[in-house]
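K.L.:
Two independent chains are provided; combine them into the complex using the hints.
The residues making up each chain are set out below.
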Amino acid sequence: SQQGEEDPQALSIQEGENATMNCSYKTSINNLQWYRQNSGRGLVHLILIRSNEREKHSGRLRVTLDTSKKSSSLLITASRAADTASYFCATDGTGGGNKLTFGTGTQLKVEL
Amino acid sequence: KAGVTQTPRYLIKTRGQQVTLSCSPISGHRSVSWYQQTPGQGLQFLFEYFSETQRNKGNFPGRFSGRQFSNSRSEMNVSTLELGDSALYLCASSLGRAGGGYGYTFGSGTRLTVV
Numbered sequence: 001s002q003q004g005e006e007d008p009q010a011l012s013i014q015e016g017e018n019a020t021m022n023c024s025y026k027t028s029i030n031n032l033q034w035y036r037q038n039s040g041r042g043l044v045h046l047i048l049i050r051s052n053e054r055e056k057h058s059g060r061l062r063v064t065l066d067t068s069k070k071s072s073s074l075l076i077t078a079s080r081a082a083d084t085a086s087y088f089c090a091t092d093g094t095g096g097g098n099k100l101t102f103g104t105g106t107q108l109k110v111e112l
Numbered sequence: 113k114a115g116v117t118q119t120p121r122y123l124i125k126t127r128g129q130q131v132t133l134s135c136s137p138i139s140g141h142r143s144v145s146w147y148q149q150t151p152g153q154g155l156q157f158l159f160e161y162f163s164e165t166q167r168n169k170g171n172f173p174g175r176f177s178g179r180q181f182s183n184s185r186s187e188m189n190v191s192t193l194e195l196g197d198s199a200l201y202l203c204a205s206s207l208g209r210a211g212g213g214y215g216y217t218f219g220s221g222t223r224l225t226v227v
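These protein sequence lines are chains L and R, in that order. No gaps in the numbering here: position 80 of the first sequence is 80 in our numbering, and each next residue is one more. No gaps in the numbering here: position 103 of the second sequence is 215 in our numbering, and each next residue is one more.
Same shape as in the complex, but just chain R (with noise of 0.2 Å):
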């Protein structure tokens, strides 16, 4: 069984371009969530997605966007980056969504560095 594919795995942008990230999850989970990884605030939620739907959004501004695909991939955008936006950037598929008791399967992320 296939796991969770990111792509890609290393990107690096100058400020001001936008970005997009991609996420392959397992086949038959619905649920996609993304995170944000960094040293200094750890990890913190971006968005869940469930069947096509937002469903949850994390504390970020505008300039990060997402969306699902009716296969449940799904992608995000960051558009006008800021070098405060260098992350790893983390992709988490489940069968269901978190309160119902569905642990989530990660892929390896995708690490973005603004310059």
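Chain L on its own, in the form it takes in the complex (with noise of 0.2 Å):
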């Protein structure tokens, strides 16, 4: 079962602007983690937010977490044709023994 839930399912903008995407999930977490996937190819590691850290940034990449809603948001500025990819985050629950469980992701299209 799913333990996260992106939100949108799909999100299409033009180059050169932001997008947002947002990850719910169910229960208490060590740490939650975003990733990229590339149209049917591996899982890329993009970062990754500890369950005491409100806000953490990379390159052009800006994640923030909220424990109190169980939720995250990925924020992705100027985009790029090639940040067109689908992307997940990722938890690994407090009592999910140490596993990661991936949400249902976003499909991101970005247009010249």
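None of these hints come from the bench; they were simulated from the model. Note that the Cβ used here is the ideal one computed from N, Cα and C, for glycine as well. Don't take each hint at face value.
Listed below are several chain R residues computed to face chain L (Cβ distance under 10 Å; list not exhaustive) [stated by the list, open to error]: (1) Ala114; (2) Gly115; (3) Thr119; (4) Phe162; (5) Arg209; (6) Ala210; (7) Gly213; (8) Phe218.
P.N.:
Below you can see the structure in the form of structure tokens.
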């Protein structure tokens, strides 16, 4: 079963615009991670935020975490066509036995 | 530094057959996890191995099994294949277990088609 759900399911924007994706999860966590997947390939780790952190930056990526609302958001600034991919959040629920459970994903399309 | 290597990349099998998929993690990584990805169910957790021991198992039937060797390489086996087993099988390696704050490095996956 999915621990997290991403919103929106699909997002289409123009190059240069910002893209925001949200993730909601169900149980307490130690950390939350975001991954990118290009069509039919393996996932690439983007960023990890621990449960005691509220915000983290990495290049054009900004992640926030609100443990009281059990939600996280991923912001990609100044999007490029190469950012077109599916984005997944993943959590390791504190009662989940040290495994990563992935959300349903957001399909991002960045058009020229 | 070599990435996570999964073999084979593509596989076509007939219902009722069995299949073995292989995963070589990044050197030094002790944790290997397996996931099944389908359009309908998304990414579903199969197993996690750490130091040759299965530490976690997902909600899959006993036809799905796996193991990890002393060099951290891992294999998963699916017996008595069903059409519904058609999926992309992804292997991920990490230095430690997820709860310790370790990110996963994924292989490119094995695309299994059951006919």
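K.L.:
Hints first: check each against the structure and report whether it holds.
P.N.:
Quick rundown of the hints versus the structure:
1. Ala114: For Ala114(R), the interface hint is violated, since the closest Cβ of chain L sits about 14 Å away, which is over 10 Å.
2. Gly115: It holds, given that the least Cβ distance between Gly115(R) and chain L is near 9 Å, below 10 Å.
3. Thr119: This hint is violated: Thr119(R) lies away from chain L, its Cβ roughly 13 Å from the closest one there, beyond 10 Å.
4. Phe162: Hint on Phe162(R): holds, closest Cβ of chain L at ~8 Å, below 10 Å.
5. Arg209: 4 Å, holds
6. Ala210: Hint holds; Ala210(R) Cβ to chain L Cβ min 4 Å, cut 10 Å.
7. Gly213: OK, holds: Gly213(R) within 10 Å of chain L, min 5 Å.
8. Phe218: Holds - the Cβ of Phe218(R) comes within 10 Å of chain L, reaching about 4 Å at its closest.
Consistency note: the structure conflicts with the earlier hints numbered 1 and 3.
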